[in-house]
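S.K.: Each chain, letter by letter, is given below.
Number of protein chains: 2
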Amino acid sequence: MHPLDAALQLTALGGDRFTGATSPAYGNMVGPFGGVTSSLLLNAVLQHPQSAGVPVALTVNFVAPIEDGVIELTARAARINRSTQHWIVEAAQGGLVVALATAVLAERRATWSAPQAQAPQDLPAPQELKRLSMAGLPSWTGRYDMRFIGGGLDGGLDGRERADAASCLWVRDDPPRPMDFLSLAAICDSFFPRIFIRRRRPMPAGTVSLTTYFHADEAMLAAQADGYVLGVADALTFRHGFFDQSAQIWSSSGELMASAHQMVYFKD
Amino acid sequence: MHPLDAALQLTALGGDRFTGATSPAYGNMVGPFGGVTSSLLLNAVLQHPQSAGVPVALTVNFVAPIEDGVIELTARAARINRSTQHWIVEAAQGGLVVALATAVLAERRATWSAPQAQAPQDLPAPQELKRLSMAGLPSWTGRYDMRFIGGGLDGGLDGRERADAASCLWVRDDPPRPMDFLSLAAICDSFFPRIFIRRRRPMPAGTVSLTTYFHADEAMLAAQADGYVLGVADALTFRHGFFDQSAQIWSSSGELMASAHQMVYFKD
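Line by line, the protein sequences are chains D and P. For the first sequence, our numbering assigns the number 1 to the initial residue and increments by one for each residue that follows. For the second sequence, our numbering assigns the number 269 to the initial residue and increments by one for each residue that follows.
Next up, chain D with everything else stripped away, as it sits in the complex:
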């Protein structure tokens, strides 16, 4: 079993209740990698017997530090419409909420479509780039093969402040794994916090709210298979203890698979 699938395993307790657990393979500095937490809450919706359609929008709020161990989840349908579903997920440890989510699922049908933004062009192929060394970094970073075109962390947090907070990289699961909505949700949070890119110094930082929009459908996921996706991330502003971060995940053929946005707490 792929370590991501192991990390996302849920036991159905009947009704709206599930139980899962953190996975050492996706450990972060404290508790689990947020991308896997986001995906775990989504999985509770997808595993629910009433679930239908594909994910369109997912918001996960990180309510309190998650400790290594068991996570109790409740996924409740707030409303089941004919072609859309609205879900509320609560994840708890020791009876206290540690994360909560809302998810929108929908039937997606072919309609008039028009991409507006374009993926960055004329980039080196992943094979031409060096993989970022994750030595000394939390274990989750080893679950991603990241090859930076710009805005990487080569040389580590050396305090050499940059003017901008942008990154562009090829990234895929390690070991490679065919992309599905769960791995797409997780990889959307695989971008290092923008403040580390901008200031290049260690400091406490943590996502408080993460929203993921899924533009891919099953066909786009199948075409992507286990290849590298292109990730782009940037911030609009760092201000008074919080910054925003927006990211796009592009397929290897240049289609937008997902866009994600978050607000991140920091302390300097």
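Please note that the accuracy of each hint is not assured.
[Unchecked claim] Some, not all, of what chain P presents toward chain D, calculated at C-beta under 7 Å: (1) Ala-332; (2) Val-338; (3) Gln-361; (4) Val-365; (5) Gln-384; (6) Tyr-481; (7) Thr-505; (8) Asp-512.
None of these hints come from the bench; they were simulated from the model. Quick caveat: nothing in here was measured; it's all calculated off a predicted structure. Ideal placement from N, C-alpha and C gives every residue a C-beta, glycine not left out.
Starting from the structure of chain D, add chain P where the hints point.
M.R.: Then chain P, alone, in the frame of chain D:
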């Protein structure tokens, strides 16, 4: 009383429960303008006796069409931390959920800060621009004085398709009203659906999920007072029944007050 304050009035029923109502002044094609619904759910959090801090992140999911009339709200603290609060809000009509929200409130303290993105420069002043006529449009549009620099709806939905979906405009409440978190939340959703800008033809479209990040604090709001803010909006992709939309609200002195993102359903 300003019509926005009238539209956002809540009666506390004790505990987590409140009641409000839709307002004809902010009516949309069907039911109320989504920006006021978003703000109404936020207001239930701000009016709650346990509320502390200022809004940092707000996600509102539009679960079902809202009918004109009474709205029952429940605002529940999922977790109260020392300096952050996590809330879940459910709005119902006739016992069925019509909208739900999560909100993060926090104490904001002065820290190292660095704006990254810049507001568009060298723009004409609002007074040099013509106000968009809202003749024939739903009543909420009359509650905003919009002066487009680009990507407006002059000439209406004339079917003359555009290549892009971007807009840039000065906007303020009509009548003018000192900006607070509630009016900022509402104005973040005052951008016309991008598909109307891109295709310039009428079609069913509705926001399913709206996320607002607040970069402003009380001091920035006080400085802005009731002046025009600059709004910028665009979309990344229109695909298979949904498109995304991202917007920024800049203060009249060029500071980022809020950024907002949404996924919108459409039918062609």
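S.K.: Going through the earlier hints one by one, which of them does the structure break, listed in rising order?
M.R.: Per hint list: 2, 3 violated.
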